[in-house]
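Chains as they are written, first to last, in my numbering: chain A, 1 to 280; chain B, 1 to 309; chain C, 1 to 341.
Read the hints as simulated data drawn from the structure, not as lab findings.
Nothing here was measured: the structure is a model prediction, and the numbers come from that model.
Hints may be right or wrong, so weigh each one.
[Stated by the list, open to error] As a list, the in silico EDC-like pairs of lysine to aspartate or glutamate whose alpha-carbon atoms are at most 20 Å apart:
#1 B:K275 <-> A:E57
#2 A:K188 <-> B:E149
#3 C:K203 <-> C:E175
#4 B:K22 <-> C:E69
#5 C:K283 <-> C:D301
#6 C:K283 <-> C:E268
#7 C:K74 <-> B:E28
#8 B:K143 <-> A:D237
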Amino acid sequence: MTPRRIETLYRICWTVALLLLAVPFVFPFLWMISGGFKSTTEIFGAPTLIPRVWRFENFAEVFAYQPFARQYFNSLYIAATVTVLTLFIASLAGYALARIRFAGAGLLMLFLVMALMVPEEVTIIPNFFLIRAMGLIDTHWPLILLPVFGPQGVVATFLMRQFFLALPRELEEAGKMDGLSRFGVWRKIALPMARPALAAVAIITFLHSWNLFLEPLIFLSSLDKFTLPLALSNFNDSYGLPLWNLQLAATSLAVVPILIIYLIAQRQIIESFALSGVKG
Amino acid sequence: MAGTASRDNAARQPGAPWLTLKTREMLEAWLFVSPTFIGFLIFFLGPLVAIFYYSMTEWNLLSQQATFVGLRNFENALLENPDFWHVVRNSVIFALGLVPLNIALALSLALALSRPFFGVVFFRTVFFAPVVTSAIAWAIVWKFMLQGEGGAVNQMLAWIGIDGPNWLREPNWAMAAVIVTRVIKMVGLNMILYIAALQSIPRDYEEAATLEGASRWQVFRMITWPLLAPTTLVIMVLTTIGSFKVFDHIYQMTGGGPENGTLVLAFYIYQQGFKFFNVGYAAALALIMFAIVMALTLVQVMLRRRDME
Amino acid sequence: MTKVLLKDIRKRFGTVEVIRGVDLEIEDGEFVVFVGPSGCGKSTLLRLISGLEHISEGELSIGGRIVNEVPAAKRGVAMVFQSYALYPHLTVRDNMGFGLKVRKVPAGERARRVSEAASTLKLEPLLDRFPRQLSGGQRQRVAIGRAIVGNPDVFLFDEPLSNLDAELRVHMRSEIAALHQRLSTTMIYVTHDQIEAMTLADKIVVLREGKIEQVGTPRVLYKSPGTIFVAQFIGSPKMNILPLADGQPISHGASVPATAVSVGIRPEHLSLVQPSAETLRGKVRLAEYTGAVTLIHVELDGGQTCLVIHNQGTMPEISAEVGLKAAPEHLHFFDKEGCAV
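My request is simple: use the sequences and hints to build the entire structure.
So this is what it looks like as structure tokens:
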């Protein structure tokens with residue numbers, strides 16, 4: 001065989017191996033959607049990928065079982081709020097840490113690194129009592145405040161700082177000479193140029209909030225305040241056993257839109273994670 | 001030169017400015033970081049100090065009265081409560097299973113997918129998709145697929161003549177299932193970190209080595225792998241810490257069961273603190289977890305540093 | 001009147017003092033060039049004047065007003081940066097008008113001033129482009145335009161030509177000179193290139209390790225450098241410095257000061273002659289032909305290498321024995337501190 005043909009064979013083997021390996025990554029999504037259309041009897045019968053009977057009523061029942069639309073909205077607006085707040089606060093702090101020499105900057109950086117190292121499980125107990133003392137149990141406040149000021153916010157700050165460090169200093173100095181205040185330089189020069197970094201921060205922050213589970217579990221008790229992950233884990237019958245078809249239908253409703261966005265913007269999304277991972 | 005901006009201002013002589021430019025700049029900087037800083041004090045530093053206090057008290061569930069008990073909670077965990085060591089054992093098994101599997105798979109995928117070829121974007125997209133999916137959703141689907149009877153996994157195994165176990169009902173199988181499904185969920189993240197690192201290695205090295213007659217494996221062993229060392233360290237630290245923090249996945253898939261077979265530290269803390277309201281004990285556990293995570297990080301960093309010298 | 005006055009200016013970064021007491025007077029309308037090797041503090045000094053860096057000690061006044069604590073934008077200065085620092089997200093027009101907008105100059109007035117500056121610099125066809133669509137020379141011009149638009153009392157240039165290729169650099173140099181003639185505004189210009197300094201400056205300030213080494217017109221610096229450092233920094237190729245003993249033969253006929261320990265002769269003032277007792281003697285080691293002149297490296301009997309600019313038709317052969325001589329008025333004598341005597 002010529003080296004060229006060996007190379008081709010090699011390629012084919014790799015591709016087949018990768019395709020096999022891809023099964024456990026893709027199949028769950030297909031199975032989830034298919035399960036969402038099945039009847040209870042079919043769920044427990046011999047499994048098939050294509051439902052024998054398409055039961056669309058599952059989706060209506062999802063909304064009857066819990067205030068699912070409301071829960072969906074909760075997740076959306078909380079994630080949006082967290083994202084906007086994080087962008088604002090992290091880009092301010094990231095800018096100062098990258099660009100201004102000030103007393104205490106080193107110490108602050110050290111603290112922030114520490115905040116990254118400490119697992120959320122460590123601070124969640126005191127934070128629970130703090131939130132309770134503030135009278136914010138069973139509200140959405142902790143789901144907004146804790147991520148914004150927690151490790152996720154720190155990651156965002158570091159990402160922004162990293163970006164601003166690479167920004168040419170002379171541009172800002174030109175802005176200063178043109179009469180901009182510090183805030184003006186941040187607002188008119190640094191931010192418009194930081195769009196790629198802001199997009200990355202927005203993506204990872206939004207997804208983090210969207211998928212958050214421990215905090216909603218601890219702080220929320222009313223059904224109409226639930227966020228999606230909490231609502232999903234709540235499709236159980238009176239014995240605590242899962243109502244599979246409803247749960248899978250609801251999960252599909254929660255996951256598929258994100259997947260579609262992911263497929264459209266996969267490059268940007270993957271890059272954002274790569275960026276934040278390299279930072280951590 | 002009429003109407004220059006500078007001359008307009010020339011009249012305003014700052015005879016004795018109450019703030020020098022330098023001080024002003026510092027105040028501005030603190031203004032910029034103040035939201036972060038204040039939030040940090042309230043939601044991180046405060047709680048971090050408080051947890052030390054909590055860990056030395058016993059809380060009464062009804063009156064919320066705290067009694068100081070010194071190191072009693074730590075004694076309880078480390079010396080008396082058999083659950084604790086069981087939980088630590090589970091966490092260690094979980095980490096020992098997850099970290100090597102995750103890294104090996106991530107690196108293999110990255111090596112396969114770091115060069116452009118037909119379908120590379122498709123594969124990257126596929127392997128990364130679970131990362132953006134909620135852990136709860138992922139666990140729900142896998143729990144569904146891993147049912148003993150009528151589960152999709154066992155059905156597939158039956159096709160090739162294997163009689164699959166009732167995965168989530170037997171402690172050892174449950175642990176294995178939780179580890180593997182978690183790896184599938186998260187491996188995409190490490191994969192892209194490795195891909196980024198691989199793509200930043202100049203091709204020259206590899207080409208030079210190939211010209212000198214090195215095989216693919218030799219190139220990997222002698223060039224690529226050493227150059228990846230910093231990335232591997234970061235990935236190892238992050239993945240290990242992540243494995244100790246895993247909570248939602250286990251909450252949804254096994255609830256710590258069966259027979260506490262998948263009861264890991266993060267879940268145990270949640271149980272003690274928020275279900276049984278043993279706040280003091282849970283606080284002590286949280287500190288122990290913190291210590292473990294710190295120690296593991298330090299050990300890995302030190303090992304790697306020694307390696308590089 | 002926009003005199004710029006520096007009184008014992010000092011700048012420390014941490015414990016390192018990078019500007020170590022600079023006194024300088026810059027007249028209204030003067031073109032002053034700060035020159036020196038890298039790390040001499042010339043850029044820092046410019047940034048202290050601009051207000052981008054904070055002055056640690058001393059007093060800076062611009063147009064009779066002490067500006068130590070006046071923010072950069074209110075000092076009446078404009079700066080042209082080495083990297084041009086054009087805002088990438090704004091068009092040329094918006095780049096030039098940005099400062100006026102920030103200062104709340106009305107739109108009509110703004111447009112008028114931008115188009116005025118654009119026509120001065122022949123930038124009209126480029127006004128709606130973005131910086132990334134411009135060539136290096138065009139960007140440079142926009143950067144200058146942005147400075148002009150603000151109608152400043154003092155222009156500051158921070159190595160503005162160092163990112164351009166050689167040909168463009170010569171061209172822009174002449175444009176800047178023309179600009180100064182037209183505006184006759186005070187200009188302060190930083191460069192490490194002594195030819196730029198010589199061609200542009202009314203007054204050159206040579207800096208060395210955070211201090212002024214010498215101030216003077218280009219002619220003065222060339223003809224009577226105050227120190228060996230200045231003597232070697234100004235002029236190209238640099239001045240040959242020989243120990244007085246080795247330079248003895250050539251000093252014949254000149255009055256040698258008693259404290260002199262070394263003698264300096266510029267390569268262009270040396271000529272190749274037959275070796276004799278009244279010439280320096282050496283062997284030709286290398287001849288670099290550049291067209292107009294040839295640069296000859298002569299290794300003297302004492303071991304030093306002496307550069308000679310040779311523009312005669314006859315070319316000495318490599319390792320030929322030659323003699324060097326110079327007119328007495330072209331000799332510079334320095335004492336043991338390196339100061340001219």
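We went through each hint and held it up to the structure:
1. B:K275 <-> A:E57: Violated, because 35 Å separates the two Cα atoms, which is more than 20 Å.
2. A:K188 <-> B:E149: 62 Å, violated
3. C:K203 <-> C:E175: 18 Å, holds
4. B:K22 <-> C:E69: With Cα atoms ~9 Å apart, K22 of chain B and E69 of chain C stay inside 20 Å; holds.
5. C:K283 <-> C:D301: 8 Å, holds
6. C:K283 <-> C:E268: Since the Cα atoms of K283 of chain C and E268 of chain C sit roughly 18 Å apart, the hinted pair holds (cutoff 20 Å).
7. C:K74 <-> B:E28: Within the cut-off at roughly 18 Å; holds.
8. B:K143 <-> A:D237: 16 Å, holds
When held up to the earlier numbered hints, the structure conflicts with 1 and 2 and fits the remainder.
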